Amino acid sequence: MTCTAWQENVVERLYGEIGKDTDAALSAHLETCASCRESLAEFQRVRSLMAEDEPGVPRVPRVVVLRDRSGFRPALLAASLLGTALLAGAGAGAGYALGLGHASASAALPAGGPVAAGVSTEELVRREVDRRMAALQASQPHVAGATTSESNPAASADHAVNASELRAEFAKFERRLNGARAADLDYVLDQIAASEFRVGTRLGKTNQALRTVALANTPYVNEQ
Amino acid sequence: MGECAAVAVPTDEDLLVSLRSGQAESLGVLVARWEAPLLRFVSRMVDRPDDARDVCQETFLRILDKAEAFRDGARFSTWMYQIALNLCRDQSRRRRRWGRLMIVEPGAGAETPKDHVAPETVATNPAAAYEQTERRGAVRRALSALPPEQREVLLLKEYEGLKFREIADVLGVAESTVKSRMYAGLDAMRMSLTGLGIP
Numbered sequence: 187m188t189c190t191a192w193q194e195n196v197v198e199r200l201y202g203e204i205g206k207d208t209d210a211a212l213s214a215h216l217e218t219c220a221s222c223r224e225s226l227a228e229f230q231r232v233r234s235l236m237a238e239d240e241p242g243v244p245r246v247p248r249v250v251v252l253r254d255r256s257g258f259r260p261a262l263l264a265a266s267l268l269g270t271a272l273l274a275g276a277g278a279g280a281g282y283a284l285g286l287g288h289a290s291a292s293a294a295l296p297a298g299g300p301v302a303a304g305v306s307t308e309e310l311v312r313r314e315v316d317r318r319m320a321a322l323q324a325s326q327p328h329v330a331g332a333t334t335s336e337s338n339p340a341a342s343a344d345h346a347v348n349a350s351e352l353r354a355e356f357a358k359f360e361r362r363l364n365g366a367r368a369a370d371l372d373y374v375l376d377q378i379a380a381s382e383f384r385v386g387t388r389l390g391k392t393n394q395a396l397r398t399v400a401l402a403n404t405p406y407v408n409e410q
Numbered sequence: 017m018g019e020c021a022a023v024a025v026p027t028d029e030d031l032l033v034s035l036r037s038g039q040a041e042s043l044g045v046l047v048a049r050w051e052a053p054l055l056r057f058v059s060r061m062v063d064r065p066d067d068a069r070d071v072c073q074e075t076f077l078r079i080l081d082k083a084e085a086f087r088d089g090a091r092f093s094t095w096m097y098q099i100a101l102n103l104c105r106d107q108s109r110r111r112r113r114w115g116r117l118m119i120v121e122p123g124a125g126a127e128t129p130k131d132h133v134a135p136e137t138v139a140t141n142p143a144a145a146y147e148q149t150e151r152r153g154a155v156r157r158a159l160s161a162l163p164p165e166q167r168e169v170l171l172l173k174e175y176e177g178l179k180f181r182e183i184a185d186v187l188g189v190a191e192s193t194v195k196s197r198m199y200a201g202l203d204a205m206r207m208s209l210t211g212l213g214i215p
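Chains E and H supply the protein sequences, listed in that same order.
With this note's numbering applied, the first sequence corresponds to residues 187 to 410, in that order.
With this note's numbering applied, the second sequence corresponds to residues 17 to 215, in that order.
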């Protein structure tokens, strides 16, 4: 181990950044100090090993200068339009999927068979409500007969009350569903707007940098 | 490729001044001058080649963004290495946050990155070539095992050839601190290499 007082000087000597006087003093010290001599020799060995592993010049991404064409840029415009369309499509799909997710979690929307194009969601829900009501009404006498008295005059009145309550419940559910769907769509649109903003900022910066980055030996390369 | 015209060569600092005054093309010349050394340095500081390229690109973008902040009289290279070093540290911090998944096993992952041009000195004898590869691998492992503050100093000095004063400026520490880190780094390298059986 090198004497602490001489450590900095050993490093300076190693890299040739030592003053004349200090160098002479270090030489005198090295005459008498075996551990400092050994450290210096070891460090030189480490340096030569490191030099052997000196990395070659890494391949850097080649960049060419894009001629700055102010004004209309059809390619960029087309790319941004395409990107917007894709994002909007993804957003709409996600919104639809989210809406559908809510619906299927709480109540089964029409299943088994393609949904007719052009039929509104409200109409589909209404149809489903009617279908279920009809099924409920058809099964009600049998269920009532099996569980309660067979000739109960109050049963049909109850049945009527239950049906209207059920219809009101469905209407409430429909409002909730539409509310949730609108909130989901807002969220997705917000996300799309935010990511478009981020991507746009990044693209702008990168574009600006690329345009100004030149190859030293090909200063007149253009995008053609 | 085009022919090089013999023209007066502006210094890095001149180019930055012209960049500040709105001559965005100056950045292109700075990039052409510095991209290779910078990528070489950054590649040693971060583990993944992709990260190294990102850091380089980000460094030049920062230079473009913050050209106004460059102090007159300062050296461009010092400033550039400062920016790159900070970005490398950020990158390493982010990687660490992602846990040990990113840590490359010394034995398996210490090969030369594929996108590096092989160094010029290649041994012709197979046995010698094998030993050389072993030694290089050992040096890389020893370097990557160093504490970051020692590795930074060693890389800037050994591979980038900066003076102690310049390294001190890049790191924002005293010159004596640089030297003592250098000493500690070399000593750690010596022990690592001995431990790895490199004579």
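The set of hints was computed from the structure by calculation and includes no laboratory data.
Note that the coordinates shown come from a computational prediction; the quantities given were computed from them, not determined experimentally.
It is possible that part of the hints are untrue.
[As the list claims (entries may be wrong)] A few chain H residues that don't get close to chain E, going by computed Cβ distances all over 10 Å:
#1 110
#2 148
#3 164
[What the hints assert, rightly or not] Some chain H residues close to chain E (C-beta under 7 Å, calculated; not the full set):
#4 36
#5 152
#6 176
#7 180
#8 199
#9 202
#10 205
#11 206
[To be verified] Cβ-Cβ distance ranges computed for the label pairs, FRET-style:
#12 143(H) x 389(E): 49 to 55 Å
#13 212(H) x 383(E): 47 to 53 Å
#14 383(E) x 41(H): 24 to 30 Å
#15 364(E) x 106(H): 21 to 27 Å
#16 380(E) x 146(H): 42 to 48 Å
#17 379(E) x 84(H): 27 to 33 Å
#18 223(E) x 41(H): 17 to 23 Å
#19 205(E) x 49(H): 40 to 46 Å
#20 188(H) x 364(E): 37 to 43 Å
#21 231(E) x 143(H): 49 to 55 Å
#22 223(E) x 146(H): 43 to 49 Å
#23 85(H) x 389(E): 20 to 26 Å
#24 208(E) x 82(H): 53 to 59 Å
#25 188(H) x 205(E): 49 to 55 Å
Don't be surprised by glycine CBs; every beta carbon is placed ideally from N, CA and C.
Now the hints, each set against the structure:
The non-interface label for residue 110(H) is consistent with chain E: the shortest C-beta to C-beta separation is roughly 18 Å, beyond 10 Å. Not every C-beta of chain E lies more than 10 Å from that of residue 148(H), the closest at about 7 Å, which undercuts listing it as non-interface. For residue 164(H), the shortest C-beta to C-beta distance to chain E comes to about 17 Å, beyond the 10 Å cut-off, and the non-interface label holds. Interface restraint check for residue 36(H): the shortest CB-CB distance to chain E comes to about 13 Å, outside 7 Å, so the restraint is violated.
Checking residue 152(H) against chain E: minimum C-beta separation of about 4 Å stays under 7 Å; hint holds. Nearest Cβ of chain E to the Cβ of residue 176(H): about 11 Å, over the 7 Å cut. The hint is violated. Restraint check, residue 180(H) versus chain E: the minimum CB separation of about 6 Å is within 7 Å; hint holds. A cut of 7 Å between beta carbons decides the hint on residue 199(H): the least distance to chain E is about 5 Å, and the hint holds.
At its closest, the beta carbon of residue 202(H) sits 5 Å from a beta carbon of chain E; the interface hint therefore holds under the 7 Å criterion. Taking 7 Å as the C-beta cut-off, the interface hint given for residue 205(H) holds, the closest approach to chain E being about 5 Å. Interface restraint check: residue 206(H) against chain E, minimum CB-CB distance 5 Å, threshold 7 Å, status holds. As the Cβ distance of residue 143(H) to residue 389(E) is approximately 53 Å, the hint placing it in 49 to 55 Å holds.
A beta carbon spacing of about 51 Å between residue 212(H) and residue 383(E) agrees with the range 47 to 53 Å that was offered as a hint. Between residue 383(E) and residue 41(H) the beta carbons are some 29 Å apart, a value that agrees with the proposed interval 24 to 30 Å. Taken as a hint, the range 21 to 27 Å is violated for the pair residue 364(E) and residue 106(H), whose Cβ atoms sit roughly 46 Å apart. Restraint check, residue 380(E) to residue 146(H): a C-beta distance of roughly 54 Å breaks the suggested window 42 to 48 Å.
Take residue 379(E) and residue 84(H): their Cβ atoms lie about 31 Å apart, and the range 27 to 33 Å holds. Distance hint check: the CB atoms of residue 223(E) and residue 41(H) are about 54 Å apart, inconsistent with the given range 17 to 23 Å. About 32 Å separates the C-beta atoms of residue 205(E) and residue 49(H), a value inconsistent with the hinted range of 40 to 46 Å. About 59 Å separates the C-beta atoms of residue 188(H) and residue 364(E), a value inconsistent with the hinted range of 37 to 43 Å.
For residue 231(E) paired with residue 143(H), a C-beta distance near 21 Å fails the hint of 49 to 55 Å. As the Cβ distance of residue 223(E) to residue 146(H) is approximately 32 Å, the hint placing it in 43 to 49 Å is violated. Evaluation of the 20 to 26 Å hint for residue 85(H) and residue 389(E) yields a pass: the beta carbon distance comes to about 24 Å. Evaluation of the 53 to 59 Å hint for residue 208(E) and residue 82(H) yields a failure: the beta carbon distance comes to about 39 Å.
The hinted range of 49 to 55 Å is not satisfied by residue 188(H) and residue 205(E), whose Cβ atoms lie roughly 24 Å apart.
The earlier numbered hints that this structure contradicts are 2, 4, 6, 15, 16, 18, 19, 20, 21, 22, 24 and 25.
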